[in-house]
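**Student:** Got chain A sorted already, so can you dock chain B onto it with the hints?
Protein chains: 2
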Amino acid sequence: MTQSNSPSYLNELRWNEDGLVPAIAKDWKTGKVLMMAWMSAESLRCTVEEGRAVYWSRSRQALWRKGESSGNTQQLKELRLDCDGDTLLLEVEQLGGMACHTGREHCFYRQLTDGEWQTIESVLKDPKEIYGTGS
Amino acid sequence: MTQSNSPSYLNELRWNEDGLVPAIAKDWKTGKVLMMAWMSAESLRCTVEEGRAVYWSRSRQALWRKGESSGNTQQLKELRLDCDGDTLLLEVEQLGGMACHTGREHCFYRQLTDGEWQTIESVLKDPKEIYGTGS
Numbered sequence: 001m002t003q004s005n006s007p008s009y010l011n012e013l014r015w016n017e018d019g020l021v022p023a024i025a026k027d028w029k030t031g032k033v034l035m036m037a038w039m040s041a042e043s044l045r046c047t048v049e050e051g052r053a054v055y056w057s058r059s060r061q062a063l064w065r066k067g068e069s070s071g072n073t074q075q076l077k078e079l080r081l082d083c084d085g086d087t088l089l090l091e092v093e094q095l096g097g098m099a100c101h102t103g104r105e106h107c108f109y110r111q112l113t114d115g116e117w118q119t120i121e122s123v124l125k126d127p128k129e130i131y132g133t134g135s
Numbered sequence: 001m002t003q004s005n006s007p008s009y010l011n012e013l014r015w016n017e018d019g020l021v022p023a024i025a026k027d028w029k030t031g032k033v034l035m036m037a038w039m040s041a042e043s044l045r046c047t048v049e050e051g052r053a054v055y056w057s058r059s060r061q062a063l064w065r066k067g068e069s070s071g072n073t074q075q076l077k078e079l080r081l082d083c084d085g086d087t088l089l090l091e092v093e094q095l096g097g098m099a100c101h102t103g104r105e106h107c108f109y110r111q112l113t114d115g116e117w118q119t120i121e122s123v124l125k126d127p128k129e130i131y132g133t134g135s
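Going down the list, the protein sequences come from chains A and B. In this text, residue positions in the first sequence follow this note's numbering: the first is 1, and each later residue adds one. In this text, residue positions in the second sequence follow this note's numbering: the first is 1, and each later residue adds one.
Misleading hints may appear alongside valid ones.
No distinction is drawn between identical chains; accordingly, a pair holds when it is met within one copy or between any pair of copies.
[Unchecked claim] Restricting the straight-line Cα-Cα distance to at most 16 Å, the calculated cross-link-like pairs of lysine to aspartate or glutamate (EDC-like) are:
no., residue 1, residue 2
1, K128, E93
2, K125, E105
3, K128, E12
4, K32, E78
5, K29, E78
6, K77, D114
What the hints contain is simulated information worked out from the structure, not anything from laboratory work. Note that the structure is predicted; figures quoted are calculated from it, not measured.
The following block holds chain A by itself, in its conformation from the complex (with noise of 0.2 Å):
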């Protein structure tokens, strides 16, 4: 990774192994944890160029703009770092109400109630429909 050109803020961050540090999103309005992503170097430099949540897909590897697909984005509206540099938290105004590809508002639906993750929160809007896969 080249450093010439990158905003010194990035050299803070205490990158694992294959670049990137774990960042949680978090509705700057309801308080709710929405998910849990990863960046990279550049999507955290995108994510504050841009204003807007901009993470790095493990599966795809590459750059994934929160949003690009279904509209929801996330506006960027706080960037903090932890005390060791390997964790961000991303205050963000979750367009479209939902963060999760489920179509919920939040990923963290499941919770661990008489020994099963059970799913207590409904589908806002149904993939199909937020994704244009349908017909």
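**Tutor:** Relative to chain A, chain B alone:
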């Protein structure tokens, strides 16, 4: 990892190559994201059985009962799993009001402002007092 006597809820997690998943701790009263750490299957089982956050320390390669030195344990109020089963969210009661080893309420006390990570939250208690390493 033997699954013979392990609770079935452990099987729904997608552990990484080191057998770990990220675990986000959130304060159930203030709504603040306190910290992010890692859990192994064993630490998750201990968390559930003991009703308090038990992480896996990657540096020590050992179970890390949060607060075992400081007394600032995290009492488990709710446990959630995300859509793809690779991240946990804990709602906790943070005893002592401090989750961070720096003596702050939480670990995310640095905010990106004007291109720099600026510390915007104060130390509540000197770490020397918390960990008893002072005179």
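**Student:** Between the shortest in-copy and the shortest cross-copy C-alpha distance, which are at most 16 Å for K128 and E12: within, between, both, or neither?
**Tutor:** Neither: 40 Å inside a chain and 25 Å across chains, both beyond 16 Å.
**Student:** As a check of your reading, is K128 near E93 (CA-CA no more than 16 Å) within one copy, between copies, both or neither?
**Tutor:** neither (23 Å within a copy, 39 Å between copies)
**Student:** Please sort K29 with E78 into within, between, both or neither, judging by C-alpha distance up to 16 Å.
**Tutor:** Answer is within; shortest intra-copy Cα gap is 12 Å, inter-copy 21 Å.
**Student:** Taking 16 Å as the upper bound on the Cα-Cα distance, should K125 and E105 be classified as within, between, both, or neither?
**Tutor:** within (10 Å within a copy, 37 Å between copies)
**Student:** At 16 Å max between alpha carbons, let me know whether K32 reaches E78 within a copy, between copies, both or neither.
**Tutor:** both (15 Å within a copy, 14 Å between copies)
**Student:** What label fits K77 with D114 when the C-alpha limit is 16 Å: within, between, both, or neither?
**Tutor:** between (37 Å within a copy, 14 Å between copies)
The structure fails to meet hints 1, 3 from the earlier list, while all remaining hints are met.
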